[in-house]
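Number of protein chains: 4
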Amino acid sequence: MEFGIDEKTQTILGMIREFMAKEVYPLEPYFLGKSFREMKPKLEEARNKVRQMELWAPQLPKELGGVGIGFMGYAMACEEIGRSPLGAYIFGSQAPDAGNIEILAKYATEEQREKWMRPLIRGQIRSCFSMTEPEFAGSNPTVMATSAVKDKGDYVINGHKWFTSAADGARFAIVMANTNPENPSPYQRASMIIVPTDAPGFKLLRNISVMGHAGDDYGTHGEIMYQNCRVPQSNLLGPEGQGFVIAQERLGPGRIHHCMRYIGIAQRCFEMMCEYAAKREVTEGKTLATKQIIQGWIAECRAEIHASRLMVLHAAWKIDTQGAYAAREEISLIKFYVANTMLKVIDKAIQVHGGLGVSDDTILSFFYRMERGARIYDGADEVHKVVVAKRILRQYQAQVA
Amino acid sequence: MEFGIDEKTQTILGMIREFMAKEVYPLEPYFLGKSFREMKPKLEEARNKVRQMELWAPQLPKELGGVGIGFMGYAMACEEIGRSPLGAYIFGSQAPDAGNIEILAKYATEEQREKWMRPLIRGQIRSCFSMTEPEFAGSNPTVMATSAVKDKGDYVINGHKWFTSAADGARFAIVMANTNPENPSPYQRASMIIVPTDAPGFKLLRNISVMGHAGDDYGTHGEIMYQNCRVPQSNLLGPEGQGFVIAQERLGPGRIHHCMRYIGIAQRCFEMMCEYAAKREVTEGKTLATKQIIQGWIAECRAEIHASRLMVLHAAWKIDTQGAYAAREEISLIKFYVANTMLKVIDKAIQVHGGLGVSDDTILSFFYRMERGARIYDGADEVHKVVVAKRILRQYQAQVA
Amino acid sequence: MEFGIDEKTQTILGMIREFMAKEVYPLEPYFLGKSFREMKPKLEEARNKVRQMELWAPQLPKELGGVGIGFMGYAMACEEIGRSPLGAYIFGSQAPDAGNIEILAKYATEEQREKWMRPLIRGQIRSCFSMTEPEFAGSNPTVMATSAVKDKGDYVINGHKWFTSAADGARFAIVMANTNPENPSPYQRASMIIVPTDAPGFKLLRNISVMGHAGDDYGTHGEIMYQNCRVPQSNLLGPEGQGFVIAQERLGPGRIHHCMRYIGIAQRCFEMMCEYAAKREVTEGKTLATKQIIQGWIAECRAEIHASRLMVLHAAWKIDTQGAYAAREEISLIKFYVANTMLKVIDKAIQVHGGLGVSDDTILSFFYRMERGARIYDGADEVHKVVVAKRILRQYQAQVA
Amino acid sequence: MEFGIDEKTQTILGMIREFMAKEVYPLEPYFLGKSFREMKPKLEEARNKVRQMELWAPQLPKELGGVGIGFMGYAMACEEIGRSPLGAYIFGSQAPDAGNIEILAKYATEEQREKWMRPLIRGQIRSCFSMTEPEFAGSNPTVMATSAVKDKGDYVINGHKWFTSAADGARFAIVMANTNPENPSPYQRASMIIVPTDAPGFKLLRNISVMGHAGDDYGTHGEIMYQNCRVPQSNLLGPEGQGFVIAQERLGPGRIHHCMRYIGIAQRCFEMMCEYAAKREVTEGKTLATKQIIQGWIAECRAEIHASRLMVLHAAWKIDTQGAYAAREEISLIKFYVANTMLKVIDKAIQVHGGLGVSDDTILSFFYRMERGARIYDGADEVHKVVVAKRILRQYQAQVA
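Top line first, the protein sequences correspond to chains V, R, A and S. Going by this note's numbering, the first sequence opens with residue 142, and the numbers climb by one from there. Going by this note's numbering, the second sequence opens with residue 142, and the numbers climb by one from there. Going by this note's numbering, the third sequence opens with residue 142, and the numbers climb by one from there. Going by this note's numbering, the fourth sequence opens with residue 142, and the numbers climb by one from there.
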């Protein structure tokens, strides 16, 4: 067992950390008051600096135009980049584009690569991933109503999706739709289809207002109606009926990246809490840092962030060395453990900041609002707990339902 | 011991409950997307209906133009009215006007009553209460820098205040300022002074953006600069140097009303959680209501709401029968206990609603954001805990610092 | 609503409180090192003092030889008496005798009253209640294997029971056994039968060792085998097949008494925690009472004990005025809420006491061990939570399983 | 970063695991009912088997008669051995002997090694470590009253110690006593002195009853009076005045071993919980394993045990590669985090077992009682939290007291 980090990775992490502090954090106050579209020129500037430093797309190998720091290296980079809500976008590793690129890299035809993947990698266009439907619980993604029926060389898609993040302004969506509804296995019914957002029948009904804001452009969650939406059959991505299998593959690594981002947020809020406690006087020349209750929180948060980081890196190592299937218990565990750690740290940091903490004069209130979803999206805590417990209990020959 | 509620009060509570459901909730979706100013005509309409039903100003005795249901009756009414963020405004019992009226009713000169109190009671003007300063911890309100110096029949006020709620659009502020800075007791240094918002030197710097919104009009938290702000000495409210004594008096009853409002919110979210669990299907024709983890939450939330309500009503009874001083332990206890109960219930209700819970398609996300401050405003949880513990420990002859 | 306590009750509570401090607590150190049998002479002495003060059997009306303070009065007395594990025995209100007396008073024939109830009331004999079976979950008491078959004027009982508290040294058991196994309703299958412990076929297999001690005499949990155990049919208690209905009746009020006892324990540990914190020096002439983390615990424990007491008294009032059926939600809520409060307070009190807290130099470690069962006995927390949640959810037309 | 375990270590861990299951667990039911002295022959038998398998003293290098698996290897072994309260004794790695051997190996003169260390390593004698005093808080061990004064070639020791574990039956104590009370640094005042338990003036006052049992022989916590207790000056262990420095050195590694033992206990209780849930039927042919609340606990316990293990192994690695000083934050963190994880898992395992869980028919109730001290001994949770928080806050230039 060996917990050290090699020097090359450390160097890159250090560069990212410095860039975040110097170039990204200063954009945040501006970001909190503006629309995303207004922000774009400034973000593009920052992106260009990243490109110049050759830190663009740290999730990708060099041959695809990325940094090439490997799976473990990128996991650690996610923590640094994740410290700001602007980080991933500026580094070209934002969801859902990064995940879509991963799928395209593995399954796209050369034509699809040229048309969709390469511009996406370069950050020239954006994309979205259209799976969740309002009528069905996200905890059971195989149940969906959206259908894609073949008709004269096309797929004709009908369905209702929501929480399609970043749909507003995206050039295309990867849509999950039932192409083989009669297949006995619910895992073999859906396919992934590339749908340009200007295809006939693609209707972005609204950007769903979440936590007080509908947002715009990249910072949105779309509700979309597919009404006889028609795309050529050549837009099928990967084998027909294999939509879930492909989605599944992407899930484990994606979880690692999300969790490292959560840790980045937790770590940043932790530092803000310490810093504010150290300087804020309360009574008789005493700062908040002298208060034992706050000291208790700091120690507990420290422990849980540390635990979170070790667990996620361990899970990443297991994926890397034994594959995602072998690591599925670890992948489930980190989802709920780390999301809860992050939200606890955010909450304590706000409490230490008092009135300032609920104001938008710091980034804390943004995280409080926008990361509450971490315990819900991508499988609620409880879904993951039940899944992991059932898997364990079956080892004891238990019936579990 | 007798926990029953008399029939007359029950009738009025029933009327309020019905009015809330029929007239107030339907305004909420509109409210969530509009500015307060845009809302005003609709709110005024609703206020008129309240006036016609003779439910206006339930906090006031009949002789002041209120409903006259007494302290306990109003406490219970607060729960019903508090179920919507629009309730108190529509019933004419909104903070900080209600508290300001209370002070004016007790301390104002006849001239002040005529000019400020009566229009306030009638809902023709609004007011604010300007105490907290950014440079000093809210937990120790006696330490402030704002001064009011006598000069040629006037007070000249200089200071910097923030979180002056509802300042935007208010006709006047009750300002807490040091008039007797040399007084040996920190509790005898400040006075309350009525400052019209159009007085020279009153500058509303900004509506502080809180949880993503700066708001407008009534729904704001102002940052204000008093720069040689000049008002006649006849604007002194109550005896000079007695600002804290007066503020203190108002605190106990005010805490009851806030806590009953918290309970109203908790109770509403609880009902939404049950209702959604009962109807939302997840797998195999099973609803969320069949899930034991959710059942566990429902039972725990039920217990804590029930405990909260009993504790607040007990504290109200003690204030009513023995005075606020005798009840100060109970008043401290409810502050942190009930705020935490409310936030726990909101959190669980969101979790049950899943993605819908973080969207603005329900009121839950509004409560999640805007009520986080309940653990901070008016003394953070930890401040109240320490205060109550020290008081208890002193009964054991403990040194406590 | 009115939270006051009448003077007469206050006087009696005061007498009990004083007696507990003066006569009962001093017996505890002796009790912690001895067997119950060795203790008996001292306990009998204390019982005699109680009888002389006319405080014997506070649970009973005067006509049955008790104090006659009514249901609410006794509930409050339970808190005082419950502060010591010796209290209830010394006051003649110990479980399971008190509950058995209640049943006998309502259902016994005159002969049964003379033979079993009156000596029990006078404290001349002891009894036990034999229901739980090792093979079946306590959460579903209607499922049991013990049978009582009529044979020549007798019942012949066969079955295996455990956690029959106080069986060792009891004169008789009230045994729950299936007499009508063919009845379609599982609630109508069992009867209560009085079984003298010297009846042929009654075998006390062992006193189950619990938390390190098997105990002796009153302080035990028996495992019993009924092997063709034969008693006359006249030993049937109440109507045949009505065992559960009778048991149910006793449950609500019994829950109140248990919960008030939990509160007594919590309150005592709370006081010990404060007292120790006030006197224990740690560093630089500072006591534990100056530590903010401990202050936080004290405030939280205070709030939860207060909440618990109000909830239990409210439930008692509801039982008293509207009957146990109307109060069943409240009765379920207090079971888990109050048991958890007690265990939390015990835990914090131990933590404050440090090494002394885990030693037997105080009573804390006894409570820690022996009251852990409070979250299990008489329906585990989770069972109660699920029951109460299902009842609530059904009001929303939910399917709940 | 690399989380794998080498094959040789895996083999030895496997051997230990198997031995624990086959030879150690079966002794437990016997152990729970007997005195330690009665157990000794059976324990000696088991020890002999360990010696034959060459697994004796896994904490020691081969040259001192141990297994020689290194620091990381032994850390992992502690988890396996710690699964039973009998494990460490049977493997010759029981506290406080193991720690005393470590000190002796580093500081003892050849004479002391021959007389005390070698028989201790071979398990022929036992020892104890006498530091904590009843009048002073364990959280500040530098403050003590016990003195050792030089007189005619001897030390004359006077003092009052308690919680001197395993004093009953020990051949000698390592006593911490002030030899240099005038030294300005409180860390340079005390020395370690070897005191044979048959030295004049050594009085074992009592075995302190802890959680209901005073115990005997190895399983005890002694209260000791040193009354003009006289030993030759050659019994000084290490340099004079360096008692704390030496104690400190031992602390970090000792913490690792304790924490791995906690994990062993947690893991065993976790497995018992799963096993029982899998087989215990509750209603309608359904086992506890089907209950979602229990599934939730299993997942949470799994996550926290996993986190604990990674944190402890990481701390061990850091001690091993960078020294205990560099790892002091990690060492503080694991103390409270892991102790709480263990106690949470024990608690949940008991709750799943119901009445059986509080009985002594399983080992759970033993762990519940005897491991409560883990949050207290060796620095209470709160002490460690405050220490770690202050160290962090000082990095932000905070005053912390």
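You may find that some hints are simply not true.
No copy labels: a pair is met if it fits in one copy or bridges any two.
With a Cα cut of at most 27 Å, we get these calculated DSSO-like pairs of lysine-lysine [stated by the list, open to error]: (1) K420 <-> K432; (2) K149 <-> K291; (3) K459 <-> K175; (4) K489 <-> K432; (5) K149 <-> K181; (6) K175 <-> K203; (7) K485 <-> K181.
Derived by calculation from the structure, the hints in this document are not laboratory data.
Treating 27 Å as the Cα threshold, decide for K149 and K181: within, between, both or neither.
Intra 32 Å, inter 57 Å, cutoff 27 Å: neither.
Regarding K459 and K175, is the shortest C-alpha distance of 27 Å or less found within a copy, between copies, in both, or in neither? Neither: 41 Å inside a chain and 46 Å across chains, both beyond 27 Å.
Exercise. Are the CA atoms of K420 and K432 at most 27 Å apart within a copy, between copies, both, or neither?
Worked result: Answer is both; intra-copy 13 Å and inter-copy 21 Å each pass.
- Given identical chains, is K175 near K203, meaning Cα to Cα at most 27 Å, within a copy, between copies, both, or neither? Classified as neither: same-chain Cα gap 34 Å, cross-chain 49 Å, threshold 27 Å.
How do K489 and K432 come out at 27 Å by Cα distance, when the copy is not named: within, between, both, or neither? both (14 Å within a copy, 20 Å between copies)
Practice item. Evaluate K485 and K181 at a C-alpha cut-off of 27 Å and name the case that applies: within, between, both or neither. Key: neither (32 Å within a copy, 38 Å between copies)
- Task: Could you place K149 and K291 in one of the four classes (within, between, both, neither) given a Cα distance threshold of 27 Å?
- Result: Neither: 51 Å inside a chain and 59 Å across chains, both beyond 27 Å.
The structure shown violates the earlier hints numbered 2, 3, 5, 6, 7.
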